[in-house]
Amino acid sequence: MINYKIAIVIGTRAELIKTFPIMLELEKKQIPYYFIHTGQHNLKDLCEKFSVKKPNVTLTKESEKESKFWSKINNKSIFWNLGIIFKVKKELKKLPNLKYVIYHGDTMSTASISIGSSKLLNLRKKYKNVHLEAGLRSENFFEPFPEEISRIIAGRFSDILLAVSERSKNNLKKYWKNKRVILIGNSVIDSIYISYEMAKKNKEKLFSKKRFALITLHRHENITNKKRLSAIIEILSSLKIPSYFALHENTKKYLINFGLFEKLKQNKNIKIIPTQEYSKFIYQIKNASIIICDGGSIQEESLIFHTPCVLLRKSTERQEGLESNFQSLVGIDIEKIREKGLKAIHC
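Counting in my numbering, the sequence shown tops out at residue 347, every number present.
Treat the hints with caution; some may be incorrect.
In the EDC-like style, the derived pairs of lysine to aspartate or glutamate whose C-alpha atoms are separated by at most 20 Å in a straight line are [claimed, not checked]:
{"id": "1", "residue 1": "LYS280", "residue 2": "GLU197"}
{"id": "2", "residue 1": "LYS253", "residue 2": "GLU221"}
{"id": "3", "residue 1": "LYS179", "residue 2": "ASP190"}
{"id": "4", "residue 1": "LYS126", "residue 2": "ASP159"}
{"id": "5", "residue 1": "LYS280", "residue 2": "GLU139"}
{"id": "6", "residue 1": "LYS314", "residue 2": "GLU221"}
{"id": "7", "residue 1": "LYS265", "residue 2": "GLU234"}
{"id": "8", "residue 1": "LYS173", "residue 2": "GLU320"}
{"id": "9", "residue 1": "LYS5", "residue 2": "ASP159"}
{"id": "10", "residue 1": "LYS76", "residue 2": "GLU221"}
{"id": "11", "residue 1": "LYS61", "residue 2": "ASP45"}
{"id": "12", "residue 1": "LYS61", "residue 2": "GLU48"}
{"id": "13", "residue 1": "LYS49", "residue 2": "ASP190"}
{"id": "14", "residue 1": "LYS44", "residue 2": "GLU277"}
{"id": "15", "residue 1": "LYS29", "residue 2": "ASP190"}
{"id": "16", "residue 1": "LYS44", "residue 2": "GLU27"}
{"id": "17", "residue 1": "LYS99", "residue 2": "GLU27"}
{"id": "18", "residue 1": "LYS49", "residue 2": "GLU277"}
{"id": "19", "residue 1": "LYS314", "residue 2": "GLU335"}
{"id": "20", "residue 1": "LYS227", "residue 2": "GLU143"}
{"id": "21", "residue 1": "LYS280", "residue 2": "ASP45"}
{"id": "22", "residue 1": "LYS93", "residue 2": "ASP159"}
{"id": "23", "residue 1": "LYS53", "residue 2": "GLU25"}
{"id": "24", "residue 1": "LYS205", "residue 2": "GLU277"}
{"id": "25", "residue 1": "LYS125", "residue 2": "GLU143"}
{"id": "26", "residue 1": "LYS200", "residue 2": "ASP190"}
{"id": "27", "residue 1": "LYS201", "residue 2": "GLU48"}
{"id": "28", "residue 1": "LYS226", "residue 2": "GLU204"}
{"id": "29", "residue 1": "LYS49", "residue 2": "GLU204"}
{"id": "30", "residue 1": "LYS169", "residue 2": "GLU148"}
{"id": "31", "residue 1": "LYS28", "residue 2": "ASP190"}
{"id": "32", "residue 1": "LYS200", "residue 2": "GLU277"}
{"id": "33", "residue 1": "LYS173", "residue 2": "GLU139"}
{"id": "34", "residue 1": "LYS252", "residue 2": "GLU234"}
Distance windows between CB atoms, simulated [unchecked claim]:
{"id": "35", "residue 1": "GLY259", "residue 2": "LYS177", "range": "44 to 52 Å"}
{"id": "36", "residue 1": "GLU166", "residue 2": "ASN257", "range": "36 to 44 Å"}
{"id": "37", "residue 1": "SER237", "residue 2": "THR60", "range": "15 to 23 Å"}
{"id": "38", "residue 1": "LYS201", "residue 2": "ASN225", "range": "22 to 30 Å"}
{"id": "39", "residue 1": "LYS203", "residue 2": "SER51", "range": "18 to 26 Å"}
{"id": "40", "residue 1": "LYS268", "residue 2": "GLU25", "range": "43 to 51 Å"}
Honestly, the hints are just simulated from the structure, not real lab data. Bear in mind that the values here come from a model prediction, so they are computed numbers and not experimental data. Quick reminder that beta carbons are idealized off the backbone N, C-alpha and C, glycines included.
My request is simple: use the sequences and hints to build the entire structure.
What follows is the structure in structure tokens.
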């Protein structure tokens, strides 16, 4: 049996995208790691795409759809995450020589993994559990929800906190004075450049050779609220350049439920497209005129390429981007969109 000293636990596609550069580096240095997948998302295609090994074990049956829970916080998702706590604990017990357990991000499964690998359930554990991308804070429990709460839980139960920026490092030092906090930067930078080079090598085509807007929307607090979602659809009608809406399954579900999908389809300036393979999407972000979104990762990606980005949120945990000239936090305000977003592309 391989003497595994490192375990990496991943639940979602976004977590794998931000962690695969670390996995590649371990493989390059011939350091074996045990790959645990919670089963929240299907990761098979991404493992092949990024040339990382497939999971050693998958704790629950992988979802055939984008996600198991459709952005819902309900009994099903809560009990699933509670189960992950004990499944992770059981799996880690099989690895007696572990030194580090690494997990990423801010999902509910991240919080569960941090608890399952902590001293709370493993009083005699000899390894350190490590939170990658620690310290991001919006200072608002409900924006984003439940991510802000997940980060706090992960911080509480982790031994080592790997911060992405000075701001996040200071956040961690403020809350967890006795924990080991290390500023390492953001692994998504490596992910983006590797993916962008893949796209160029594969000669990916642009959605448009002229100016275009790229739209994504998936936040729980936006898509599950009819009033907010209606306002967002109204905001999108203000765009005067060709726009491409990469539509998540859960977003489409709520648009249909609220009677907004047909209105969106009738907008001749917006083309609805399926969610894109990551390297192709990164290529589009690099070449877009403006990004309209509510996601944290795409906020980071657009900033790296200096693509103007309008955030349909009331607060963000990635506040550094707001200090640049490329990002604006507008909430759900059509006038702010016109003032800040459309001004950026001279519409």
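Between the alpha carbons of LYS61 and ASP45, is the straight-line distance 20 Å or under? Roughly 16 Å separates the two Cα atoms, so the pair holds.
Given the hint that LYS29 pairs with ASP190, test it: the Cα-Cα distance must not exceed 20 Å. 17 Å, holds
Are the Cα positions of LYS226 and GLU204 separated by 20 Å at most? 36 Å, violated
Taken at face value, is the distance from the CA of GLU277 to the CA of LYS200 at most 20 Å? Distance ~14 Å between LYS200 and GLU277 Cα, so the pair holds.
Given the hint that LYS53 pairs with GLU25, does the C-alpha gap stay at or below 20 Å? 12 Å, holds
Given the hinted pair LYS280 and ASP45, is their Cα-Cα distance within 20 Å? This hinted pair holds, its Cα atoms lying about 14 Å apart.
Quick check: does the Cβ-Cβ distance between LYS201 and ASN225 fall within 22 to 30 Å? Violated, at about 41 Å.
Take the C-alpha atoms of LYS314 and GLU335, compute the straight-line distance between them, and say whether it is at most 20 Å. 15 Å, holds
LYS227 and GLU143: Cα distance at most 20 Å? Distance ~16 Å between LYS227 and GLU143 Cα, so the pair holds.
Does the alpha-carbon distance linking LYS265 and GLU234 stay inside the 20 Å limit? 13 Å, holds
Would the hint linking LYS99 and GLU27 be met if the CA-CA limit is 20 Å? Judged against 20 Å, a Cα distance of about 17 Å means the pair holds.
Has the given pair, LYS44 with GLU27, been kept, meaning a C-alpha gap of at most 20 Å? 18 Å, holds
The structure is inconsistent with the numbered hints 3, 5, 25, 28, 37, 38, although it conforms to all the rest.
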